[in-house]
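Chains as they are written, first to last, in this note's numbering: chain A, 1 to 326; chain B, 1001 to 1326.
In short, the hints are calculated from the structure, not lab data.
Treat the numbers as computed from the prediction; the structure is a model and nothing was measured.
Treat each hint with caution, since some may be false.
Covered stretches of chain B, going by a simulated chain A footprint (3 or more residues, C-beta under 8 angstroms) [to be verified]:
| no. | segment |
| --- | --- |
| 1 | 1033-1041 |
| 2 | 1102-1114 |
| 3 | 1118-1129 |
| 4 | 1137-1146 |
Backbone N, C-alpha and C define an ideal beta-carbon position, used for all residues, glycine too.
There are 2 protein chains.
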Amino acid sequence: MVSTYLANPSFFTPVQPLIQQVEDLMRAQSRGHHSELGAALDHLLASGGKRVRPAVALLTGGMLGADTNRLIVLAAAIELLHTATLVHDDLIDGSLLRRGSPTLNAQWTPAATVLTGDFIFARAAKLAADTHSVAVMQLFAETLTNIVNGEITQMFGSRGLANREDYYRRIRAKTASLFELATGAAALLSPDGEQAESTVCRYGYEVGMAFQIVDDVLDFTGDQATVGKPLGSDLRQGLITLPALYYIEANPEDAEMVEVLKGNRYSEERMSRVINAIRGSGAIDQAMQEARQFVERGLSALTDQPQGVERQALEDLANYIVKRRM
Amino acid sequence: MVSTYLANPSFFTPVQPLIQQVEDLMRAQSRGHHSELGAALDHLLASGGKRVRPAVALLTGGMLGADTNRLIVLAAAIELLHTATLVHDDLIDGSLLRRGSPTLNAQWTPAATVLTGDFIFARAAKLAADTHSVAVMQLFAETLTNIVNGEITQMFGSRGLANREDYYRRIRAKTASLFELATGAAALLSPDGEQAESTVCRYGYEVGMAFQIVDDVLDFTGDQATVGKPLGSDLRQGLITLPALYYIEANPEDAEMVEVLKGNRYSEERMSRVINAIRGSGAIDQAMQEARQFVERGLSALTDQPQGVERQALEDLANYIVKRRM
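Okay, chain A solo, but in the shape it has when bound (with noise of 0.2 angstroms):
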């Protein structure tokens, strides 16, 4: 399967030649290892991911004049971060298919499973030590921990009990947190990156908000294909995001969608009533809405930063974000 990054829009060019190095970087990390091991990093490698989080991590450096070498370092180090938490993600959901590839949990014991995650954390880690940043790698452990310290949060949850708040603090952890670690720990291994950390981890933050919610989104609008599987698979596996959240606010008179959001099954033709309902309401402009504007202060995050190909390619791609339709 061709990596998707290479079909992916402008934003990419500045750094195309550099993200295929950070490919080559990944893939050589179970060198001298256990060949399954090899085997299961190709085959995660292979199933894709658009390789945002790098892009991000390079044009990031890139425009505050961080040197490339470090860059593409850390780059595979947020990539390979992200790869071992989705490993494991897909163990504990039971999922067998991601970006429309079967899982390695589909095809191995969940003891694999679990280890490969942890090998990959582990060389994820050492590309982080090798950055030669302590304050890089200090962010990077903190991120790990709060990704984790989210999952369990919603793990031990109270159901019934959703509100925007829970969804907000969920999906920093969730993904935001690895968009401010691509931005934060760029700008950490910037010449004057200490002063320009957070402004652009604002940018980060931001970004990846909205990254998310557009994913909530088209959990519930997408074509099934493209997305890779069936409309309202979140609420189905009662996950409760934006587009619920604004319905349940402006119809709180739905008993039906109440009982979904207290957790309570329901048969497929009552849970597609439900999902109908909140594609056919205004909580999907609504959830749109609060994306484009997380892409509007992400954006204004960037006017004191250096102009060139680097910022440019970081605004086409928050404009992107809210446009996409996968």
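Since chain A is already given, all that's left is putting chain B on it; use the hints.
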């Protein structure tokens, strides 16, 4: 449950107050995160462990003049790394008890157990970064890589081909690697550390190998109540250790043992026959003799190191390993 290190032998004396600080720092790692993570970490740390690895790090760094505060951070990082690998190991093996206390997976879902292990990895990585040494971070990540690679190799290893080379490779990854990390990283935090690193690493390697061999011998010879599992539990689970390997080298005609080595399951009665045969053979003494040789080589690695209470304690620790009964 009182931590068992309180009742431990003389080599803990020089670092006893520091070990308490290591305990406090480890427990503090759940602060600010979900309360269930705090409960899990408290449970894991309360169920003991002798804190041998922290002691080795503190003594080595003390001997070489490293800063005490950084050593405490390092020692906590290493013990948490060890703890995280045990959490995932017990899940994978389906173990319900460790050191007489229920494992996390005996009480929690697999999902929560995977994530708690990940959380502890993350906090261990953060502490490793908090030593402010890039070289320590790299060593830390390489050690985790080697531990996991060892477990994967064991998992995919072919049965019936057990030999001592495989055994040494496995126990180095599983156990000695953490002792090498404890000594090597402590050296890297010391004024003339780079010079001493390979020598004290040698001590860590030899003592770590001896430590695991004695563990494996005690699995055959130990007092069941003290060891906390049935005699020969490794072999019952298909894990071939040094006493079994020496036994089959001396008794290649023992057809039952050959079948066990091939991973074939046996009735309790025949398995007990095999275990008793090993217990009654010279294989136990051979394995202990080998552990003593590892200890001797470990001691000789210390001869050019600075004399003082720390070096004396490291020597005591090495000697204790082959005398301990649990």
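- Query: Out of the numbered hints, which ones does the structure contradict?
  - Reply: none
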